[in-house]
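Spelled out, the chains give:
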Amino acid sequence: MADGALAGIRVVEFTDELGSYCGRLLADLGADTIKVEPPGGGVQRRTPPFYATAAPGPDTSIAFWVHNTSKKSVVLDLEASEGQDLARELALSADVVLEDNAPGYLAARGLGYPDLRAVKPSLVYTSITGFGQTGLHSHYAYSDIVGQAMGGIMTLAGEPADPPNVIYGHQANASASIQAAQGTLLAILYAEATGHGQLVDVSAQEAVSMSQETAMQTWDLQRRNRTRTGERGLIPVPLPGMGVYESKGGGYVTLYILAPSGADFPEMVSWMRERGMAADLDEEPYRTTCESLNLGTLSQVMANPQSAVALFPQLSHLNDVVTQFIASLTATEAYEEGQQRRLSVGIVSTAKDLAENRQLRARHWFRTIDFDSLGAAVEFPGAPYRLSETPVEIARPPRLGEHTHQVLASLR
Amino acid sequence: MALPLDGIRVADFSWFGAGPIAAQTLATFGAEVVRIESETKIDSLRIVQPIALNPDGTFKTGYNVSGYFNNFNAGKLGIQLDLNTERGQEIGYRLIEKSDVFLTNFTPRVIDKWNLRYEQIAAVNPRIIAAYSPMQGLEGPHRDFLGFGAVLTPVTGISEMSGFPNRRPIGVGTNYPDYVVNPGHTVTAILAALRYRIRTGKGQRVELPQIESVVNVLGTAVAEYLANGTIPTRGGNRSPIAAPHGAFRCADDSESVGSPDRWVVVACQSDDHWVQLCDALGNPGVASDPRFATFAARKRNEDDLEALVAGWTRDRRAEDVMLLLQERAVPAGVVQNAQDMLDRDPHVKARGYYRYLEHAETGRAAYDGPAMVLSLTPGVLAAPAPLLGEDTFDVCERILGLSPDEIADLVAEGILH
Numbered sequence: 001m002a003d004g005a006l007a008g009i010r011v012v013e014f015t016d017e018l019g020s021y022c023g024r025l026l027a028d029l030g031a032d033t034i035k036v037e038p039p040g041g042g043v044q045r046r047t048p049p050f051y052a053t054a055a056p057g058p059d060t061s062i063a064f065w066v067h068n069t070s071k072k073s074v075v076l077d078l079e080a081s082e083g084q085d086l087a088r089e090l091a092l093s094a095d096v097v098l099e100d101n102a103p104g105y106l107a108a109r110g111l112g113y114p115d116l117r118a119v120k121p122s123l124v125y126t127s128i129t130g131f132g133q134t135g136l137h138s139h140y141a142y143s144d145i146v147g148q149a150m151g152g153i154m155t156l157a158g159e160p161a162d163p164p165n166v167i168y169g170h171q172a173n174a175s176a177s178i179q180a181a182q183g184t185l186l187a188i189l190y191a192e193a194t195g196h197g198q199l200v201d202v203s204a205q206e207a208v209s210m211s212q213e214t215a216m217q218t219w220d221l222q223r224r225n226r227t228r229t230g231e232r233g234l235i236p237v238p239l240p241g242m243g244v245y246e247s248k249g250g251g252y253v254t255l256y257i258l259a260p261s262g263a264d265f266p267e268m269v270s271w272m273r274e275r276g277m278a279a280d281l282d283e284e285p286y287r288t289t290c291e292s293l294n295l296g297t298l299s300q301v302m303a304n305p306q307s308a309v310a311l312f313p314q315l316s317h318l319n320d321v322v323t324q325f326i327a328s329l330t331a332t333e334a335y336e337e338g339q340q341r342r343l344s345v346g347i348v349s350t351a352k353d354l355a356e357n358r359q360l361r362a363r364h365w366f367r368t369i370d371f372d373s374l375g376a377a378v379e380f381p382g383a384p385y386r387l388s389e390t391p392v393e394i395a396r397p398p399r400l401g402e403h404t405h406q407v408l409a410s411l412r
Numbered sequence: 001m002a003l004p005l006d007g008i009r010v011a012d013f014s015w016f017g018a019g020p021i022a023a024q025t026l027a028t029f030g031a032e033v034v035r036i037e038s039e040t041k042i043d044s045l046r047i048v049q050p051i052a053l054n055p056d057g058t059f060k061t062g063y064n065v066s067g068y069f070n071n072f073n074a075g076k077l078g079i080q081l082d083l084n085t086e087r088g089q090e091i092g093y094r095l096i097e098k099s100d101v102f103l104t105n106f107t108p109r110v111i112d113k114w115n116l117r118y119e120q121i122a123a124v125n126p127r128i129i130a131a132y133s134p135m136q137g138l139e140g141p142h143r144d145f146l147g148f149g150a151v152l153t154p155v156t157g158i159s160e161m162s163g164f165p166n167r168r169p170i171g172v173g174t175n176y177p178d179y180v181v182n183p184g185h186t187v188t189a190i191l192a193a194l195r196y197r198i199r200t201g202k203g204q205r206v207e208l209p210q211i212e213s214v215v216n217v218l219g220t221a222v223a224e225y226l227a228n229g230t231i232p233t234r235g236g237n238r239s240p241i242a243a244p245h246g247a248f249r250c251a252d253d254s255e256s257v258g259s260p261d262r263w264v265v266v267a268c269q270s271d272d273h274w275v276q277l278c279d280a281l282g283n284p285g286v287a288s289d290p291r292f293a294t295f296a297a298r299k300r301n302e303d304d305l306e307a308l309v310a311g312w313t314r315d316r317r318a319e320d321v322m323l324l325l326q327e328r329a330v331p332a333g334v335v336q337n338a339q340d341m342l343d344r345d346p347h348v349k350a351r352g353y354y355r356y357l358e359h360a361e362t363g364r365a366a367y368d369g370p371a372m373v374l375s376l377t378p379g380v381l382a383a384p385a386p387l388l389g390e391d392t393f394d395v396c397e398r399i400l401g402l403s404p405d406e407i408a409d410l411v412a413e414g415i416l417h
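Protein chains in written order, with this note's numbering: chain H, 1 to 412; chain P, 1 to 417.
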């Protein structure tokens with residue numbers, strides 16, 4: 001196996017839901033990553049879904065698996081002094097300590113940054129928390145939904161009539177881990193160049209907040225708040241070829257035909273015509289309207305819906321025809337055929353669609369991981385990036401405490 | 001060495017969101033980033049809302065007044081170069097020759113057209129880290145599929161998995177993957193490759209197909225299907241390990257401009273959280289109601305549970321509910337908007353997350369700071385985003401070594417601006 005980009009770096013992590021993905025990124029890139037876990041394991045090991053053909057337990061949580069590949073697992077009881085001593089010894093053997101505990105928790109156990117730095121000045125110490133190490137909310141109790149709410153992204157998601165929506169997949173946690181991975185690598189580069197380690201402080205609230213898109217700047221420049229606008233988005237009336245459409249079999253696609261990229265609406269009509277689904281769109285007055293539908297129409301409607309009122313009955317009819325057309329295709333057909341015509345068509349992929357996605361399969365993105373103890377080989381989603389000289393390696397996530405003896409023996 | 005990336009030069013051939021944000025992070029930590037732009041293929045973010053206002057409330061005009069663009073390009077040098085010409089590509093290659101990192105998120109089609117394939121770049125500068133972040137990957141049957149964040153959100157499964165189950169898959173209100181997930185993964189890969197180069201002298205190609213980057217953080221959905229054959233779908237704001245878990249409406253707030261409805265999120269991850277919540281909101285007796293006393297019971301009666309909590313929060317200020325719950329260590333937070341983030345959240349303000357920079361055309365404006373606070377080498381937003389072509393002369397002279405006469409000729413030919 002070729003050396004990974006982070007070969008020679010040891011990471012010792014004290015993480016659960018918030019920081020384990022950061023550790024995974026470093027581990028898959030080749031860092032020797034040791035996860036210190038409490039007896040019985042943390043929350044993530046108890047989080048569903050579980051691998052269905054085995055009994056649910058700390059070693060079969062899929063949530064744990066996908067956030068903890070390529071790591072070693074050492075169980076230490078940080079509530080006992082022996083566990084604290086061993087953890088400290090282990091931490092001091094590392095180049096990077098990564099943790100996501102409440103501020104002060106590790107310090108109270110002799111594992112805080114000042115304690116370790118005093119012995120090892122080159123140590124990079126990355127702390128990921130809900131609200132950061134400083135400030136009046138730093139001690140606030142955290143959960144992913146709290147990060148998404150306080151970070152300003154939930155207010156933008158959902159129908160106005162509904163409560164604001166959380167984005168699936170613990171995206172505040174993921175964002176915090178991704179920001180922390182960048183910060184950790186920056187600090188590693190600096191430490192390797194100068195011998196000076198440092199503290200990398202990541203707040204999940206801040207980590208996710210750039211995903212407000214333009215809301216921050218809209219308030220700053222115009223003193224307006226962006227709000228959640230739901231399915232209609234920023235467009236005040238239904239426009240043909242813009243939005244979510246149901247396909248044959250109940251799947252969905254999204255169309256952005258009038259957006260700036262790709263072919264325009266007449267290409268959409270050609271497609272419908274070839275499929276015998278263009279209805280009366282080749283007849284006037286629709287024909288002329290179809291030919292002139294483009295980004296300009298969209299901008300006009302968005303800027304001043306009143307100016308386009310005369311067009312609305314026609315647009316509504318066009319949209320009905322598009323709706324019927326998409327309903328005659330499966331979501332995958334609509335996606336593949338539309339994109340072949342350079343139309344902005346997106347499939348609303350289900351997990352199954354993604355597992356069968358032609359592009360991901362052709363690129364051999366999925367990785368098969370052998371779980372000897374389960375007598376099974378399980379496919380995993382692949383890495384977020386590909387490095388030509390130092391390929392990302394995704395190795396099996398560890399069983400709870402799998403490496404305790406091996407790692408502790410190596411300290412002696 | 002003041003910052004981790006001092007001495008690193010980045011040739012930023014990217015546009016829109018994900019690419020420019022990645023390069024901005026590199027600039028914040030010390031890299032000299034040269035952003036290539038052209039008026040003939042303008043970065044659309046330069047001309048879309050939010051646009052800075054004139055004192056009379058009308059929109060400012062031109063290429064330099066969009067907060068969308070400016071927030072992703074702070075601290076960069078900007079040059080205008082027409083890559084559609086052979087001579088323009090030669091100038092581009094002079095920059096590539098003198099750079100440590102090359103970055104683009106153009107489509108494979110455009111990369112081919114402008115002769116920016118890795119083997120072409122490596123032939124000129126074998127030590128370079130060349131990072132590509134196309135939508136679907138540089139190869140494969142879908143490599144030329146169109147897309148931007150709005151298409152990526154459905155294609156990667158975020159739309160299917162987010163929102164309430166009684167609603168269609170409407171997405172999440174933004175082009176979510178563009179702002180943290182994709183640029184953050186891109187920077188992670190570039191920094192790892194830089195470390196490898198420092199140790200071995202070898203450059204390499206980094207490829208970040210945006211679909212692969214995003215599906216990777218799609219929680220457990222795809223892994224669950226692959227392992228168990230089950231197809232999960234969106235479940236609203238609920239959680240498999242916490243109840244109540246969601247957003248609850250509070251009293252309206254007329255000072256919240258244009259969004260007076262206020263919400264608080266609550267995540268009871270344990271029975272103790274539930275007991276504390278009942279106590280904090282003045283209903284301690286309910287905690288032991290058998291319909292809600294255990295996690296399993298709360299999940300069974302989740303509709304009733306949510307209606308109950310909603311009744312408790314409806315007439316209180318969201319900030320008050322958050323405070324009451326946080327005093328008892330129950331995870332809770334206000335659903336904040338941008339006004340809160342910039343002006344009303346005392347914590348964000350005290351930490352100094354947002355940076356304010358004086359810009360020649362917009363005036364003083366807010367920028368997202370780096371979300372990783374490095375104690376010894378905190379990032380610096382050294383300058384606001386460049387005006388279109390602001391640094392063309394400086395970069396051509398100082399970095400590319402062109403003479404004033406050569407530059408004048410190239411301007412006359414329309415290759416530089």
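Do not take every clue at face value.
As the list claims (entries may be wrong) - Below, simulated SDA-like cross-link-like pairs (lysine to any residue); rule was C-alpha separation at most 25 Å, straight line:
no. : chain 1 : residue 1 : chain 2 : residue 2
1   : P       : Lys349    : H       : Leu136
2   : P       : Lys98     : P       : Tyr63
3   : P       : Lys41     : H       : Pro260
4   : P       : Lys41     : P       : Gly57
5   : P       : Lys60     : H       : Thr227
For the record, the hints were derived by calculation from the structure and aren't laboratory data.
Against the structure, the hints come out as follows:
With a CA separation close to 10 Å, the supplied pair Lys349 (chain P) and Leu136 (chain H) stays within the 25 Å bound. At roughly 28 Å between alpha-carbon atoms, Lys98 (chain P) and Tyr63 (chain P) are farther apart than 25 Å, so this suggested pair is violated. As the CA atoms of Lys41 (chain P) and Pro260 (chain H) are separated by approximately 12 Å, the hinted pair is consistent with the 25 Å bound. A threshold of 25 Å between alpha carbons decides the hint, and for Lys41 (chain P) with Gly57 (chain P) the separation of about 29 Å lies outside it, so the pair is violated.
Annotation: proposed proximity of Lys60 (chain P) to Thr227 (chain H) holds, straight-line Cα distance about 23 Å (limit 25 Å).
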